[in-house]
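Protein chains in written order, with my numbering: chain D, 1 to 104; chain Z, 105 to 574.
Among these hints, one or two may not hold up.
Said to hold, decoys possible - Taking lysine-lysine pairs in the DSSO-like style, the calculated list, with each CA pair at most 27 Å apart, reads:
{"hint": "1", "chain 1": "Z", "residue 1": "Lys473", "chain 2": "Z", "residue 2": "Lys364"}
{"hint": "2", "chain 1": "Z", "residue 1": "Lys553", "chain 2": "Z", "residue 2": "Lys480"}
{"hint": "3", "chain 1": "Z", "residue 1": "Lys122", "chain 2": "Z", "residue 2": "Lys216"}
{"hint": "4", "chain 1": "Z", "residue 1": "Lys499", "chain 2": "Z", "residue 2": "Lys389"}
{"hint": "5", "chain 1": "Z", "residue 1": "Lys495", "chain 2": "Z", "residue 2": "Lys571"}
{"hint": "6", "chain 1": "D", "residue 1": "Lys36", "chain 2": "Z", "residue 2": "Lys465"}
{"hint": "7", "chain 1": "Z", "residue 1": "Lys364", "chain 2": "Z", "residue 2": "Lys389"}
{"hint": "8", "chain 1": "Z", "residue 1": "Lys495", "chain 2": "D", "residue 2": "Lys36"}
{"hint": "9", "chain 1": "Z", "residue 1": "Lys337", "chain 2": "Z", "residue 2": "Lys389"}
{"hint": "10", "chain 1": "Z", "residue 1": "Lys389", "chain 2": "D", "residue 2": "Lys33"}
{"hint": "11", "chain 1": "D", "residue 1": "Lys36", "chain 2": "Z", "residue 2": "Lys480"}
{"hint": "12", "chain 1": "Z", "residue 1": "Lys553", "chain 2": "Z", "residue 2": "Lys369"}
Claimed, not checked - Which bits of chain D does chain Z cover? Going by a derived footprint, with three or more residues having C-beta under 8 Å, they are:
{"hint": "13", "region": "18–31"}
{"hint": "14", "region": "67–80"}
FYI, nobody ran anything at the bench for these hints, they're computed from the structure. Even glycine gets a Cβ: it sits at the ideal position worked out from N, Cα and C.
Chain by chain, the residues run as shown.
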Amino acid sequence: MRELRYNTYMKIINIRHIATLSNLSLKEDETTKFEKQLGDIVGYIQILQSVNLDDTPPTNQVTGLENVTVEDMQQPSLPQSLATAQGKHVQNGHFLVSGILEGE
Amino acid sequence: MIDLTQLTLSTARDMLYKKEVSARELTRAYLNRIQTHNPRLNAYLTVTEEAAYAAADAADKRIATGETTPLLGIPVGLKDMYMTAGVRTTAASRVLADYTAQYDATVVTRLKDAGAVILGKLNCDAWAHGSSGENSDFGPTKNPWNTELIPGGSSSGSAVAIGADLALAAGGTDTGGSIRLPAGYTNTVGLKPTYGRVSRYGIIAMASSLDSIGHFTKTVTDNALYLQVTAGKDPADATTSPADVPDYLALIGQPITGMKIGVPKEYFSGGLDPRIETVVRDALKTYERLGAELVEISLPYTEYAIACYYILQPAEVSSNLARYTGIRYGNDRALFGDEAKRRIMIGTYVLSSGYYDAYYKKATRLRTKVIEDFTKAFAQVDVILTPTSPKMPWKIGEGMDDPLAVYLSDVFTVTANIAGIPGLALPAGFVDGLPVGMQLLGPQLSEQKLYQVGYAFEEATQFWRQKPSI
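This is chain Z alone, in the form it adopts within the complex (with noise of 0.2 Å):
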């Protein structure tokens, strides 16, 4: 008997399609190891085992039929951060500890339409705000290559329900590197797609010229498959594009000879870690042998790009957790955790009069310069790789007392938020038995030829069938 928890998210498709398994086994089969190392690795808030039965039941009757939708009958969880009708919604803050969703957001009406089956919410950061899981009010997830180590956030769970397959597929958002960084630490593939490519509607807001809702799976194809159903024009949130949706699995497995991958000198110096970077080169290696074209390349307001980003976003955090005021749902204030209270002050703080021009309106201006960096380099480059991370995953607890230290890993991932380009982060190889991840950057709406080239270098190198020993 097959462990129905390793299969990959395209071969449970195919069985499911074949009978070789129904929706209701697979979902069992998850259930089961979610109970058995959810307690230790504390990556579900929220395990919504009658619900996840009924759609799959409600799956297996749609198969029957013949139908074949992209993610029907496969086992998803989701951060929760994502409204989820009738299941408790928390942000993983303790102002919303007792929140009840009374709406589904855009993303998870699709998912449901297209007949995934949900098991739970998934810890993170409260509010989304943390490159480490550490700030969750409801303990911090565990990273299944050593519990002693963070698995990188802000989207924590959703990156571990992977990691440890406890999911088929798992929702994040990213809103500057909140998906990339934990999928580097993690082993699995996470995408940041375009800024309005998938719809932020029902998805709580963090800083809402930056978030991006994204997702994790084992595999290159696996994502492509669950951004086939998310992508695309939400008359509820006008920031998405109305560009038509392709077909995301269509470059995937064509040649990437001649395509050329741009090195930004700027993110392989100073503060890099040299065994990160050993890792990295040889990718890059990879991609040669593939018959890539390496060309170096400059973004030189790289150095600029944090302070831009924790000018931005903290003002618009302080914007959107205003309405929290336990007036119409959730509790007092004063339950705010210490991260999401410094970064409403910040934001206070670079919004308020006197201080507006020389913080906020500067950094708007600086997000300019940070689009031509990139424009630059798109028009030498078809696509651009870059470590996900410039430090290995640090112990928990130790990110807790110096916040700056910790803004500063986010330096690779802030850009593309920045700039609203997409990122697929896969993974790279590994360093003293701790997978490390990369990013590859493309041009707006590029995801297409992003899951191009990352699948040629997951088919080179199958680094994603290793597993953590859990």
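Pulled out of the complex, with its shape left as it was, chain D reads as follows (with noise of 0.2 Å):
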């Protein structure tokens, strides 16, 4: 098998971007760290631009199942009580959240 480790440290992930669009807050240490790992594993992932697969179709799902249907029929479903009852803000039985359009 080939070489496996690849050690390439490309800087090319803007890490604060990333963070942004997975919506997780970074330290300033951990930003520095993480940039290095995914550089690394980033790096790693770039031997597939090495094979040419333009006539290869691509396979999103493998079980050759399609449109799978079941009947439209009502069921019992979780009260609301229960679906609220882990939640850690609840008023009247809903969730409290922040606004969203504030402040845009």
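With the hints in hand, could you dock these two chains into one complex?
What follows is the structure, given as structure tokens:
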């Protein structure tokens, strides 16, 4: 098997931008650490760029099943009290969330 | 007085039916052993003693009426990725540290209906991300063969529960090797079933096109008994196979004369520890003595499989973990551990605008090639035999600073997940007193045949009888 380690430190990842897209807030030391580690990993997966797969169709799932349907019937669902039982901020059976449009 | 925790599932079952032991006695023996050894091994995160005794008593009543379902009265543990109604379910992450599941996973419902006794919830790498067990937010699970070493992961607690006789069977999940790797390091039998053979409903999702819901047992026959309960179509999981569930015991004990076993040359070169190679080559010789024919095969896209896997899997992880916002349940995203953060960010990166075609799309095309490799191979051979890991277990802590090195230890296992085929890991032998694992791979829905071929080796070698001294 080909040498698996590429050790390519590629500073091609804008780690702050990716963290924002990921809905993660990183501390300063984490930013440096993850930039290096993700650089290594992204460097490694470049190996795929050496294979020509232009004529190969993609596979998104392996079951071979298509258009799986179920009969549209009423079924019991979680009662509201149980569905909201784990929320940290619940009022009158609803989840409380921060405003979305404020400050836009 | 025999030690009830040393029984196999099959033997315990016989004794239960003959009323030589009660489910309550069996359950008590396991709970006592957990109490003694779990503080050191850290396999169980939650023990549900009261519910276990209630289930045991209910099983004893059913046994008294002559009922003989496969897991009736059998004590099992479940990876903490399984939703268990009313029981804390954490995915071994601080994000879900105080989360109580609101419903049962389909597999859990099936186990309960079959009369299994659930002892508790088992440790793992947080969100099933890892190959070692080191990524648990609640401390690593220790390998009973040497508590300084990793037991393999991500289903670390499930493997150790069986390897150290803390349950008769244990549920796990396998997205890239998370059952087969730790089975190999703990001298246990682990099945990654065909994708879609066992329902994923209510199992905390890691990478939805790869997640396979399997289990660990002490022996091959025990493993088949458990699959008999968990396999089957589930209306709540549209990816489950409509194919009939066969009798998984039917071929066990049948001779394997003339069976063709494929030996992929790509798995026996480069980074494979020579000591592991020796053990697995010996296993191949055993198979020859049993009448099987060895056929060298090639799976040329193997060298790209890890790269393919570490694109597709984090992409799906980033999507599945987006739901953890701390609003409906669980804690803030700031509590994700390093490995979850890494995977979320890699997945976000490969799916982001400008990179999607180069990474994600390319990996889905490579997936087609890996599938074609296996299709060609299975036109020539019945099953394929490979090691479960290229290296021996490392010291706990050593894997923490170099995530890429740890990713590469999945090299032999990820291909089965990419192709959706089943893999049965079983004890292959020993190196310096530590167990070594091998896996049998077959075409989709070939679990019956894997059990037949696995059993022949187990019967001839009896490696499973060797136990760690804990």
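- Under the criterion that the straight-line Cα-Cα distance not exceed 27 Å, is the pair Lys389 (chain Z), Lys33 (chain D) satisfied? violated (47 Å)
- Message: Please verify whether Lys495 (chain Z) and Lys36 (chain D) have alpha carbons no more than 27 Å apart.
- Response: holds (25 Å)
- Straight-line Cα separation of Lys364 (chain Z) and Lys389 (chain Z) no greater than 27 Å? With a Cα-Cα distance of about 13 Å, the restraint between Lys364 (chain Z) and Lys389 (chain Z) holds, given a limit of 27 Å.
- Task: Compare the distance between the alpha carbons of Lys36 (chain D) and Lys465 (chain Z) with 27 Å, and conclude whether the hinted pair is satisfied.
- Result: holds (24 Å)
- Query: Are at least 3 residues of the region 18–31 of chain D within less than 8 Å of chain Z when you compare beta carbons?
  - Reply: holds (count 9)
- Decide if the proposed pair is consistent with the structure: Lys36 (chain D) and Lys480 (chain Z), CA atoms, cutoff 27 Å inclusive. With a Cα-Cα distance of about 39 Å, the restraint between Lys36 (chain D) and Lys480 (chain Z) is violated, given a limit of 27 Å.
- Item | Outcome, coverage of the region 67–80 of chain D by chain Z - at least 3 residues whose beta-carbon is closer than 8 Å to one in that chain | Per the Cβ count (3), the hint holds.
- Query: Given the hinted pair Lys553 (chain Z) and Lys369 (chain Z), is their alpha-carbon gap at most 27 Å?
  - Reply: Holds. Lys553 (chain Z) to Lys369 (chain Z) sits at ~22 Å (cutoff 27 Å).
- Given hint Lys216 (chain Z) paired with Lys122 (chain Z) - CA-CA distance at most 27 Å: This hinted pair holds, its Cα atoms lying about 22 Å apart.
- Message: Need the status of pair Lys337 (chain Z), Lys389 (chain Z): alpha-carbon distance at most 27 Å?
- Response: This hinted pair is violated, its Cα atoms lying about 38 Å apart.
- Query: Do the alpha carbons of Lys499 (chain Z) and Lys389 (chain Z) lie within 27 Å of each other, as the hint requires?
  - Reply: Cα-Cα ~31 Å, so violated.
- Does Lys553 (chain Z) pair with Lys480 (chain Z) here, judged by a C-alpha cut-off of 27 Å? holds (18 Å)
Of the numbered hints listed earlier, those contradicted by the structure are 4, 9, 10 and 11.
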